[in-house]
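Asks: Chain by chain, the residues run as shown.
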Amino acid sequence: MITTNKFFIKWFPILLHIACLLPIPWLIFDAWRGNLSADPIRAAILRTGKIALELLVLSLMCTPLNRYFGFKPALRARRILGDYSFLYVCLHFAIIVSLDYGFNLQFISTELLQRPYALVGLATGLLLIPLAITSFKPWPKRLGKNWKRLHRLVYLIVLLDALHFILSVKQGVIEPYLWMGLVIFLLVLRIPPIQRLLSGNTPEEAAIS
Amino acid sequence: MNNLDPSEVTPRRLYLSRRQFIGAASATVAGALALAACKGNVPSTDTANPPSAGAATDSASPPSAGVSTDELGDPLTSYQDVTHYNNYYEFSTNKEAVAKLAEDFPISPWSVEVSGLVNNPKAYSIEDFQKFEPEERIYRLRCVEAWSMVIPWIGFPLRKLLEEVQPTGEAKYVQFTTLYDPKTMPARGAEFYNWPYVEGLRLDEAMHNLTILATGLYGQPLPNQNGAPIRLVVPWKYGFKSIKAIVKIELVNYQPSTLWMQAGPDEYGFYANVNPNVDHPRWSQSIERRIGEVGRRKTLLFNGYENEVASLYEGMDLNKDF
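Keeping their order, the protein sequence lines are chains G and V.
Everything in the first sequence is counted per the numbering used here, starting at 18 for the first residue and increasing by one.
Everything in the second sequence is counted per the numbering used here, starting at 58 for the first residue and increasing by one.
No lab work stands behind these hints: they were computed from the structure.
Remember, it's a predicted structure, so these values are computed and weren't measured experimentally.
Ideal placement from N, C-alpha and C gives every residue a C-beta, glycine not left out.
Some hints here could point you the wrong way.
[As the list claims (entries may be wrong)] As a list, the in silico EDC-like pairs of lysine to aspartate or glutamate whose alpha-carbon atoms are at most 20 Å apart:
#, chain 1, residue 1, chain 2, residue 2
1, G, Lys187, V, Asp323
2, V, Lys152, G, Asp47
3, G, Lys187, V, Glu324
4, V, Lys355, V, Asp336
5, G, Lys67, V, Asp261
6, G, Lys187, V, Glu248
7, V, Lys377, V, Asp323
8, V, Lys152, V, Glu248
9, V, Lys179, V, Glu221
10, G, Lys187, V, Glu153
11, G, Lys187, V, Glu170
12, G, Lys187, V, Glu307
13, V, Lys229, V, Asp336
14, V, Lys179, V, Glu365
15, V, Lys305, V, Glu153
16, V, Lys152, G, Asp100
17, V, Lys229, V, Glu202
[What the hints assert, rightly or not] Covered stretches of chain G, as calculated for chain V (at least 3 residues, CB under 8 Å):
#, stretch
18, 47-55
19, 91-97
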């Protein structure tokens with residue numbers, strides 16, 4: 018099976034790092050080539066925000082992938098995906114503050130702090146900070162059981178992230194609602210009775226982990 | 058729990074390098090984007106044909122404008138950006154997709170029916186409008202989505218047309234209608250709006266000298282994606298008031314119900330005057346991004362045409378009549 022293949026185990030995280038980093042040179046290339054529309058700043062904000070959400074949702078898929086399909090490498094991917102999501106949140110925020118608002122605090126406070134989509138986005142980013150920091154050693158061991166409790170915050174964060182997306186688009190745009198649906202689905206999979214129900218029907222090897 | 062094997066601690070060097078990496082990545086992306094955003098200020102690098110003098114409506118000549126700034130001294134938005142960033146939902150909700158989708162839109166023959174409460178109803182061909190002597194008008198265009206451009210239109214005052222058809226004493230408003238033709242206008246992502254696109258002006262707004270019907274931009278015939286063959290341009294109102302591909306102009310005695318008023322009554326009013334003090338329910342209208350610039354600039358009351366148009370709204374509550 019692929020998950021026990023030594024070659025795969027060695028290369029999977031490396032490939033994952035590369036895949037997570039690739040959007041950065043891609044974005045720079047598109048900016049350089051003029052592929053980001055007449056408003057490249059807005060395009061870059063939308064793109065980095067979307068990647069951050071995608072990576073966070075992917076990190077949420079890791080546990081079910083392992084639990085129900087026995088795909089163990091997913092557990093190693095979880096932290097990597099979460100951390101890269103935070104990297105793109107940082108980029109998203111940096112572009113907004115610098116290029117979009119030109120460090121103009123008055124503009125930032127009137128626009129950002131009074132708009133629901135911006136407030137929710139800000140909350141999402143701030144809540145991610147403790148998770149990103151404590152995802153690195155020595156925090157998991159140092160926090161022990163509390164580490165797990167702390168990192169359950171991600172369930173709230175990903176809901177806020179999808180809500181941020183919904184609040185930031187025009188009415189009639191359905192894509193963010195599809196993301197919210199996927200997020201809710203992934204959260205429902207974690208409700209204990211549902212977990213038991215689903216695990217009962219899966220192969221034994223999957224149930225072990 | 059707190060006993061820690063030194064090997065488990067992330068080395069300081071690595072720890073710092075992560076921070077540096079985030080910083081460096083941000084700086085690189087920001088730099089590339091700043092360059093991309095500013096590129097729009099140099100139209101000659103964007104288009105094969107650099108702008109030159111002359112404002113003749115001649116498709117053989119390169120895109121050009123008589124001047125290079127608006128009356129406030131702000132540079133024209135590049136021809137490339139003006140023609141490839143279009144809110145034109147009859148084709149697509151994706152601003153970058155419109156130019157391509159509108160490529161084969163048939164604009165000839167074309168007829169504009171001018172009717173309703175007028176003494177001389179008439180159907181005009183596009184050629185008929187030449188007698189109104191289209192001229193160059195440099196206008197700021199402020200989109201309700203908080204971005205803006207400066208565009209050298211070719212057009213003539215709507216007043217000239219209205220004077221010819223002679224509105225009757227009962228006429229109070231002008232209602233405009235866009236062509237409705239799903240075969241040539243796919244409305245991608247906007248299939249469920251209440252087509253056709255309808256817009257309206259109060260008669261005095263329609264008679265104002267700033268209100269034009271445009272048949273061209275940058276000295277050339279209007280590109281399809283910008284509303285060919287004829288569109289309205291009302292520079293002190295949000296861009297969506299400037300209806301494109303007009304087939305019908307009716308003088309009426311009631312306030313027209315527009316497509317956007319029906320789609321979002323709380324968000325889009327009949328007047329839709331650019332006003333930094335009246336926010337859209339979901340975002341601020343006090344600032345805007347000028348396409349081609351980094352950062353944002355303050356939005357001007359009536360889009361900077363306050364001296365010309367403020368008198369039209371004397372005594373009105375602009376918060377209520379937004």
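Asks: State for each hint whether it applies.
Replies: Checked hints:
About 13 Å separates the Cα atoms of G/Lys187 and V/Asp323, which keeps this hinted pair within 20 Å; it holds. Simply put, V/Lys152 and G/Asp47 have alpha-carbon atoms about 17 Å apart, close enough for the 20 Å limit, and the pair holds. Under the criterion of a C-alpha separation no larger than 20 Å, the hint pairing G/Lys187 with V/Glu324 is consistent with the structure, at around 10 Å. The straight-line distance between the Cα atoms of V/Lys355 and V/Asp336 is roughly 13 Å, inside the 20 Å bound, and the hint therefore holds.
Straight-line distance between C-alpha atoms of G/Lys67 and V/Asp261 comes to about 46 Å, which puts the hinted pair past the 20 Å bound. For the hint pairing G/Lys187 with V/Glu248, the CA-to-CA distance comes to about 15 Å; that is within 20 Å, so the pair holds. Restraint check for V/Lys377 and V/Asp323: satisfied, since their Cα atoms lie roughly 11 Å apart, inside the 20 Å limit. Proximity of V/Lys152 to V/Glu248 is assessed by CA-CA distance (about 16 Å); at most 20 Å being required, the pair is judged to hold.
In summary, the hint linking V/Lys179 to V/Glu221 is supported, as the alpha carbons are separated by about 9 Å, within the 20 Å threshold. In summary, the hint linking G/Lys187 to V/Glu153 is supported, as the alpha carbons are separated by about 17 Å, within the 20 Å threshold. Between G/Lys187 and V/Glu170 the CA atoms are separated by roughly 33 Å; this puts the pair beyond 20 Å, and the hint is violated. For the suggested pair G/Lys187 and V/Glu307, the alpha carbons sit about 30 Å apart, so the restraint of at most 20 Å is broken.
Proposed proximity of V/Lys229 and V/Asp336 is contradicted: the alpha carbons are some 28 Å apart, above 20 Å. A C-alpha spacing of about 30 Å is found between V/Lys179 and V/Glu365, which places the hinted pair above 20 Å, so the restraint is violated. Taking the CA atoms of V/Lys305 and V/Glu153, the gap is near 27 Å; set against the 20 Å cutoff, the hint is violated. Simply put, V/Lys152 and G/Asp100 have alpha-carbon atoms about 33 Å apart, too far for the 20 Å limit, and the pair is violated.
Annotation: proposed proximity of V/Lys229 to V/Glu202 is violated, straight-line Cα distance about 29 Å (limit 20 Å). Taking a C-beta to C-beta cut-off of 8 Å, the stretch 47-55 of chain G contributes 6 residues in contact with chain V, enough for the three needed, and the coverage statement holds. Figure legend: the stretch 91-97 of chain G, annotated as covered by chain V; annotation inconsistent (0 residues with Cβ-Cβ distances under 8 Å, at least 3 required).
When held up to the earlier numbered hints, the structure conflicts with 5, 11, 12, 13, 14, 15, 16, 17 and 19 and fits the remainder.
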